[in-house]
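*Asks:* Given the sequences, and given the hints that come with them, work out the whole structure.
Protein chains: 4
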Amino acid sequence: MSSMWGNIVKISIFGESHGNCVGVVIDGLEPGLKIDFEKLNLLLSRRKPGGKLTTPRKEDDEFQIMSGVKNGIVTGAPLSALTYNKNFNDKDYEELEKVARPSHSDYPAYIKFKGYNDLSGGGHFSARLTAPLVFAGGIAMQYLERKGIKVFSHIYSVGGIKDKPFESTETEKYYDILKDKTLKVLDDKAGADMLECIEKVQKEGDSVGGIVECAVTGLEVGIGNPIFGNLESVISSIIFAVPAVKGIEFGAGFSIADMKGSEANDLYIIKDGKIKTSSNNNGGILGGLSDGMPLILRTAFKPTPSIFKKQKSVDMVNLKESELLIKGRHDPCVALRGSVCIEAAVALAVYDSIRSL
Amino acid sequence: MSSMWGNIVKISIFGESHGNCVGVVIDGLEPGLKIDFEKLNLLLSRRKPGGKLTTPRKEDDEFQIMSGVKNGIVTGAPLSALTYNKNFNDKDYEELEKVARPSHSDYPAYIKFKGYNDLSGGGHFSARLTAPLVFAGGIAMQYLERKGIKVFSHIYSVGGIKDKPFESTETEKYYDILKDKTLKVLDDKAGADMLECIEKVQKEGDSVGGIVECAVTGLEVGIGNPIFGNLESVISSIIFAVPAVKGIEFGAGFSIADMKGSEANDLYIIKDGKIKTSSNNNGGILGGLSDGMPLILRTAFKPTPSIFKKQKSVDMVNLKESELLIKGRHDPCVALRGSVCIEAAVALAVYDSIRSL
Amino acid sequence: MSSMWGNIVKISIFGESHGNCVGVVIDGLEPGLKIDFEKLNLLLSRRKPGGKLTTPRKEDDEFQIMSGVKNGIVTGAPLSALTYNKNFNDKDYEELEKVARPSHSDYPAYIKFKGYNDLSGGGHFSARLTAPLVFAGGIAMQYLERKGIKVFSHIYSVGGIKDKPFESTETEKYYDILKDKTLKVLDDKAGADMLECIEKVQKEGDSVGGIVECAVTGLEVGIGNPIFGNLESVISSIIFAVPAVKGIEFGAGFSIADMKGSEANDLYIIKDGKIKTSSNNNGGILGGLSDGMPLILRTAFKPTPSIFKKQKSVDMVNLKESELLIKGRHDPCVALRGSVCIEAAVALAVYDSIRSL
Amino acid sequence: MSSMWGNIVKISIFGESHGNCVGVVIDGLEPGLKIDFEKLNLLLSRRKPGGKLTTPRKEDDEFQIMSGVKNGIVTGAPLSALTYNKNFNDKDYEELEKVARPSHSDYPAYIKFKGYNDLSGGGHFSARLTAPLVFAGGIAMQYLERKGIKVFSHIYSVGGIKDKPFESTETEKYYDILKDKTLKVLDDKAGADMLECIEKVQKEGDSVGGIVECAVTGLEVGIGNPIFGNLESVISSIIFAVPAVKGIEFGAGFSIADMKGSEANDLYIIKDGKIKTSSNNNGGILGGLSDGMPLILRTAFKPTPSIFKKQKSVDMVNLKESELLIKGRHDPCVALRGSVCIEAAVALAVYDSIRSL
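Top to bottom, those sequences are chains A, B, C and D.
Mapping of the first sequence onto the numbering used here: residues 1 to 357, in sequence order.
Mapping of the second sequence onto the numbering used here: residues 1 to 357, in sequence order.
Mapping of the third sequence onto the numbering used here: residues 1 to 357, in sequence order.
Mapping of the fourth sequence onto the numbering used here: residues 1 to 357, in sequence order.
Any given hint could turn out to be false.
Note that identical chains are pooled: a pair holds if it fits in a single copy or bridges any two copies.
Stated by the list, open to error - Derived PhoX-like pairs: lysine-lysine, alpha-carbon spacing no greater than 20 Å straight-line:
hint, residue 1, residue 2
1, Lys274, Lys114
2, Lys39, Lys179
3, Lys86, Lys327
4, Lys274, Lys320
5, Lys276, Lys320
6, Lys70, Lys86
7, Lys70, Lys98
8, Lys114, Lys34
9, Lys114, Lys320
10, Lys98, Lys274
11, Lys179, Lys189
12, Lys312, Lys98
None of these hints come from the bench; they were simulated from the model.
*Replies:* See below:
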């Protein structure tokens, strides 16, 4: 598996944080989509660092199309695109070459790749690699939109401060509400509190985690498969490619474990001539298949492991205890930028599942 | 994908709840393993219904080896095995053919398969299909044990009643503690409360959810891959094949979202000459790779959707509202039997990841 | 890969020559096909040994459906089927356990599987494993027939005696001509000569090779993919699963290497309002895609390696030269029974390519 | 499938003949290989057009490494590389947009991609796409060489003029003989005749086909798999990605069909303490596994379909008969440059098979 994913719509992600570029090949796209580049760049800009509360590293995420598009239209041949790396500072990582950054991939990657891997900025493990993921997901989203399917998300919590959750049976309305917001929250007061919390930890040289809630609306019934090709598996198989994600739950998720069947069961009703359910604790997925209700999931982001406090660690080359102080530029809360990555990953999973019917 | 899974160790699961049999083909096993059938059957018996608090349907889970084993030893050719279905009662399902059982796959499966699917007992969507999964996982476990890797789990919660969590840095000790227990809990008092809770909901004709916590110890450092082949994705891609699972989290999981980086980061130390971490909030996985700490994950099971209360539903063939009363035999808490399924799924994911290096 | 194959329609083949059974799981079939079992068994009977010029081993190729079919109709869940092994004589192989049979898999399989593989009758390498392939291919053929696509073949040559080749632009007519023939040849005189040749080598305790020519008619234009998903690759990737095949060629095949471009090029014409070509040296495939002309291919079968003459060989366990005299029952010309295997393999490749669009 | 291939070592090929670039991502390489770029470029130069008897289009096949290499050493992250397209002349194709070039992909590609595909120079179907294949194969070859495995080929025939075939039991000696030759033939007289033949057809505005014979020496015993993962299938699955290939045969290939078993069988002997065979009609592959003998295969190349004679064709947009005269620059015999593509493809197939053990 490694850095390729997909069944019919396959993607191959390449590049390193401080290497030449990061990029993606998307294989299996249907020909004929006129790509809305403005929309795509808007999506990419949500991932791009540089905001007040994101890393000041200016990543120029303008992707160059290398193949698969002619006159702005997808040809059906593999679509490849890349963006060159600029504005990074390898000096920030010089001292780190030997001392593993806590809660980063440095140490296991050093063992796996026998010391040959590119450690600067995390190399191929860097969150920079979500740029090609968002690019590919943005293309998938445009395909989905042609079918009336919308993928969107909000910041459900930051450091314990919670936004209002999606109302799970009538979810599509949030698309318009969230569309133009810079900070994707339903409750602006909660959003302000989140920002305050982030600023505070940032000043302390610390970071904080968060939860992203994502919805897919407009899905027809029966997408997915039994057993391994179930929608939850397919979505999870790509979601954890977003660094810092440590959990995923669908519908009522972990809280469903505390319920009784009579509370948890989503009862069928007929609404506007269609079969719907009166609640949506299953998050739109039954038996691994879409059931016609909004698909709802939440993912937990750990706090950015790169903090600006002295931390104990080990010199993994010489096998001795050490300390390190991380430099460079790092978001205090990756969940903020993570939301667009989740949307992209979910869009790819849903689009591939639809194409694999 | 559908009902096949794996990279080097591939499995193909087939069968229906009330069909001829359920079975599995396992392709890519290393030749030479002498299968410990007693151990394997012990594992299968944990999944097998029939206990006081599980469905009284007597599933004879004695698998017949159909190929790939000679004189009790794995040959390296595809290992196939199946167990015939007996002791089921199709009459229990006759009335259900048209009225979709809430929170089951009936309705989306009916749409996906255009009405041709076998609905009895859920057909190919049935939890009965976890029998071949546990069989295959049991084989994987025996391979892992040869490498000193142990996979085990406990019932972390039932209906809100919590067992003690695994201590996440020193986890291997629980293997022996749990090995011979019928009810896999660390705190027997909590276990007794869980059973009481289950009995209570059972009497009410209801069901209850639960959480299973699973650990893998003895993993070497560097198993897994960056981006899509990461251990979390590979594990999730098979875990959701276990029916009723609605969430998965690794290490501190969703609670990590509320932490600061300075709390969440697992600091490196040297212990007995090896690089370890002083905490294990990442659950043994960094950058998608095993980091030498115990791999810890939790999965949320929804309450069994088959309850014995009259429920509102719809006749999906004639598109009109209806009611149904489920008959048959169903566990009041699938999480109990689910724990061995989680172990099996995790063992397969870990074994395939090791083989794919 | 090993013993699983396919993109959307995936098959998993299991079993050994002298084991319990041989069987197959077919995953990804569209629901709703009413299987014509008579037709399927007729196809299987073409592969079945027992004829005058085939091995006298009576293989009962009556497959039992284990899952995926309800009331004779494909449900969409994995279709699994198997046939038990009977009428084999392990004593025939006892002496062979150590001495590798020339031109069989014995020696490399012994090394690959470290001596753990089942050698009797070739184990998982046996031509007996084409029974599940033909079963699966027969299902694929019935799907193709619903789309007006026919797959058929004839014995193009045996021991140098040649049948008339397919006329490659108007090929569909041969379907009816060949349908009811026991010996699939266009020129019955050539067929009689082939049989005479085979009888002669059989009396000598020898065997002889042959070539099978196969056609697919009714294919729409544009099936297949550029680069690796091309039709020739997909077909070849399954054809060599038929034991004894040592070569495959499409259209004019190897003879095209001697042509000039002006001879080889298939010029476009318009015929009955459709784009066709005036010749078909490319065998219906251009750039890896079907071009609307009959798909034509030929495969070379080596002579059955099991001959009844004393042969030099080596004791692979004790690494010393030896001799062996093969017993048992073996076809003098596997190409005869091979033709239906080629049809089955081609049908699967074409059906999967159509499903993967 | 489409433009991705491989099991453990996966490649993703992208680009178009007259687009921005052509390139490749190689996923699953072992870290630590110091790439010999001189050797790699030498290999690429064999594919590069520009020689007297190849197209005068000057393709600058200098690949830029985009990721996966640090200080000239493979890191283990996906290795991506591309080469920009220059020196093409789109005007040569303007007239062709509607009139399908005979024996090219134009017409079926137009149908498959609904007219959205890039037709210039064949777009993604162009032989230009073999540049990234040779790049990837060159990397694979360097890995194989570290294991003592050599992959090499010669031009076995051109327009019916035949070189001496490889002596199939003692084949490694040809590696040194061929290494420094510009025209890869064993018999220089035959080589001179081939060149004369090619010059003659070139003057006529015509082209000619050819056969490439390829060998792999130094393979250990037991590489490959039974059934679908057999070496012949794996090799074929990538060989037909080389445009113009219409057939492949292993060992004695099609001529084995005319043999008796007693002639065809490769008898085992012990030689220098190792098990070998006295002949090699099976081309080093038995039961899909390497048997310790040289792996030998031949592939048939059709004559370049682009000839400079007026040809009948059809206007595929307006569905009427037409004529066309191809301009541009095209090899009179693609087999010459094809030989290095075959080596590259075979090297990838063998390397992936070794890695997938």
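*Asks:* Given identical chains, is Lys114 near Lys34, meaning Cα to Cα at most 20 Å, within a copy, between copies, both, or neither?
*Replies:* between (44 Å within a copy, 14 Å between copies)
*Asks:* Can you give me the call for Lys70 and Lys98, within, between, both or neither, at a CA distance of at most 20 Å?
*Replies:* between (46 Å within a copy, 17 Å between copies)
*Asks:* Please work out whether the CA atoms of Lys276 and Lys320 approach to 20 Å or closer within one copy, between two copies, in both situations, or in neither?
*Replies:* For Lys276 and Lys320, only the inter-copy Cα distance (12 Å) is at most 20 Å; the intra-copy one is 60 Å.
*Asks:* If the cutoff is 20 Å on CA atoms, where do Lys86 and Lys327 land: within, between, both or neither? Let me know, please.
*Replies:* within (18 Å within a copy, 42 Å between copies)
*Asks:* Please sort Lys312 with Lys98 into within, between, both or neither, judging by C-alpha distance up to 20 Å.
*Replies:* within (13 Å within a copy, 61 Å between copies)
*Asks:* Could you figure out if Lys70 and Lys86 sit no more than 20 Å apart (CA to CA) within one copy, between two copies, both or neither?
*Replies:* For Lys70 and Lys86, only the inter-copy Cα distance (17 Å) is at most 20 Å; the intra-copy one is 27 Å.
*Asks:* Checking Lys98 and Lys274: alpha-carbon separation at most 20 Å within a copy, between copies, both or neither?
*Replies:* between (61 Å within a copy, 16 Å between copies)
*Asks:* As a check of your reading, is Lys274 near Lys114 (CA-CA no more than 20 Å) within one copy, between copies, both or neither?
*Replies:* between (57 Å within a copy, 16 Å between copies)
*Asks:* At most 20 Å between alpha carbons: which applies to Lys179 and Lys189, within, between, both or neither?
*Replies:* within (18 Å within a copy, 50 Å between copies)
*Asks:* Are the CA atoms of Lys274 and Lys320 at most 20 Å apart within a copy, between copies, both, or neither?
*Replies:* This pair counts as between: shortest inter-copy Cα distance 10 Å, intra-copy 65 Å.
*Asks:* From the Cα coordinates, with 20 Å as the cut-off, is the pair Lys114 and Lys320 best called within, between, both, or neither?
*Replies:* within (18 Å within a copy, 42 Å between copies)
*Asks:* Cα distance capped at 20 Å. Does Lys39 pair with Lys179 within a copy, between copies, both, or neither?
*Replies:* Result: close within a single copy only, 12 Å intra versus 53 Å inter.
In summary, the structure agrees with every hint in the numbered list given earlier.
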